[in-house]
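*Asks:* Those protein sequence lines, which keep their order, are chains C and R. Per the numbering used here, residue 330 is the first one in the first sequence, and the count goes up by one each step. Per the numbering used here, residue 5 is the first one in the second sequence, and the count goes up by one each step.
These are calculated hints, taken from the structure and not from any lab test. Glycine residues also receive a C-beta, built at the ideal position from the N, C-alpha and C atoms.
Below, a sample of chain C positions facing chain R; criterion: calculated Cβ distance under 10 Å:
#1 P343
#2 T373
#3 I381
Chain R regions said to be covered by chain C (calculated; three or more residues, Cβ under 8 Å):
#4 17 to 26
#5 33 to 40
Here is what each chain is made of, one letter per residue.
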Amino acid sequence: MCRQCVRTTHSHNPFHRIEHWNGTFFRPAELWEVGTYLQVRHHTGVSLCENIMAQQHFMESLEKRKDDAEQEGRNKFNPSASASASFSGFSSAFGSASTSANPSAASTSASVSAYMDYDEDVQMSQPEGANYEADEEFIQYLERLRNDAELGDHDEHLPEEVNDEEDDDEIVDDLDEEQSDHPIPNHTLLNDFIADNGLGSSFSGPP
Amino acid sequence: MGTYVRIVHTNGIHNIAMVTCDCHGDDVLPCDLLASRLLPASFQRIRTIFTAQLLDLFRLSNLELKASAYQFYHLLQRMTSPMAPAEVVNLYREFRRMSRIWRWMKRLKWAGYGNNKRKAAEVNAGELAVFCPACPQPGINIPANWKEDQAR
Numbered sequence: 330m331c332r333q334c335v336r337t338t339h340s341h342n343p344f345h346r347i348e349h350w351n352g353t354f355f356r357p358a359e360l361w362e363v364g365t366y367l368q369v370r371h372h373t374g375v376s377l378c379e380n381i382m383a384q385q386h387f388m389e390s391l392e393k394r395k396d397d398a399e400q401e402g403r404n405k406f407n408p409s410a411s412a413s414a415s416f417s418g419f420s421s422a423f424g425s426a427s428t429s430a431n432p433s434a435a436s437t438s439a440s441v442s443a444y445m446d447y448d449e450d451v452q453m454s455q456p457e458g459a460n461y462e463a464d465e466e467f468i469q470y471l472e473r474l475r476n477d478a479e480l481g482d483h484d485e486h487l488p489e490e491v492n493d494e495e496d497d498d499e500i501v502d503d504l505d506e507e508q509s510d511h512p513i514p515n516h517t518l519l520n521d522f523i524a525d526n527g528l529g530s531s532f533s534g535p536p
Numbered sequence: 005m006g007t008y009v010r011i012v013h014t015n016g017i018h019n020i021a022m023v024t025c026d027c028h029g030d031d032v033l034p035c036d037l038l039a040s041r042l043l044p045a046s047f048q049r050i051r052t053i054f055t056a057q058l059l060d061l062f063r064l065s066n067l068e069l070k071a072s073a074y075q076f077y078h079l080l081q082r083m084t085s086p087m088a089p090a091e092v093v094n095l096y097r098e099f100r101r102m103s104r105i106w107r108w109m110k111r112l113k114w115a116g117y118g119n120n121k122r123k124a125a126e127v128n129a130g131e132l133a134v135f136c137p138a139c140p141q142p143g144i145n146i147p148a149n150w151k152e153d154q155a156r
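Same shape as in the complex, but just chain C (with noise of 0.2 Å):
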């Protein structure tokens, strides 16, 4: 399957594990490689509020390059074999990590060959020719989305999360600051997208 349709078949089953075709064996890949993440919807009132689908819509609109990247790549390479499967699914010790929490999941950044956890393997999954965006790539093109805004200090919309190296959290500090790294929307970025593409005029932006 493609990572779009991972993606999709993945939205309520966002804990499952999977596995990618890299050229030469399946290596142990994991969901947030085709841009899956956790929606966590409100307890109380509107449980999907229009922050929560502005967002959304935002973080499609990253995945749908990636997508279209993925395809024109795949065929590229090998148009007869669009069709073979990069990624499959398996079921773990436990079967199907299918969660009752059902936080609906959707898609973010990250190609296919982005953000793998390995860099040789990504050297091995990307077919000679191929037209995949690498990491540096999508970093330039989030710049470039900011450079666009003609925003000034752009740091000072990152949300704190974002900003901190530092995690001062005594229970939780050791994430990876590879992952940290990772181009997390910010506030500026859902901002100039909602205004492009003129969603929800009623809209305002979380502080």
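Assemble chain R onto chain C, guided by the hints.
*Replies:* Just chain R, lined up with the frame of chain C:
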């Protein structure tokens, strides 16, 4: 807003993006997560989340399999990365703490907290004990003169 979190589930440890919203207040995210049966290991900057299914499974494994938290967490590491379980992040301390919090919360719920308008910090000694119908209860399942029984 979105951030990447670590989810500890019954089939191992996952890293995944999380989309949240604070339009209902800055401090409601832990409650939103709890309503989704996700237990954050912290309340301010949430980066690690345990699922209720995992904590329930550990409680039953501890009861029936006599599995210690140490063994159970190594099982999670092994499931996360069968080839290199030692390279999986060590959340043993966090796991033990969340297990204790989970059991404490369950006892509070069984005792009616949340509905009886009382604060969880004001629990009296023995108040959360589960009534055992098999234990001898004077006037219920043992004779009234049980103190005079020579074989007691």
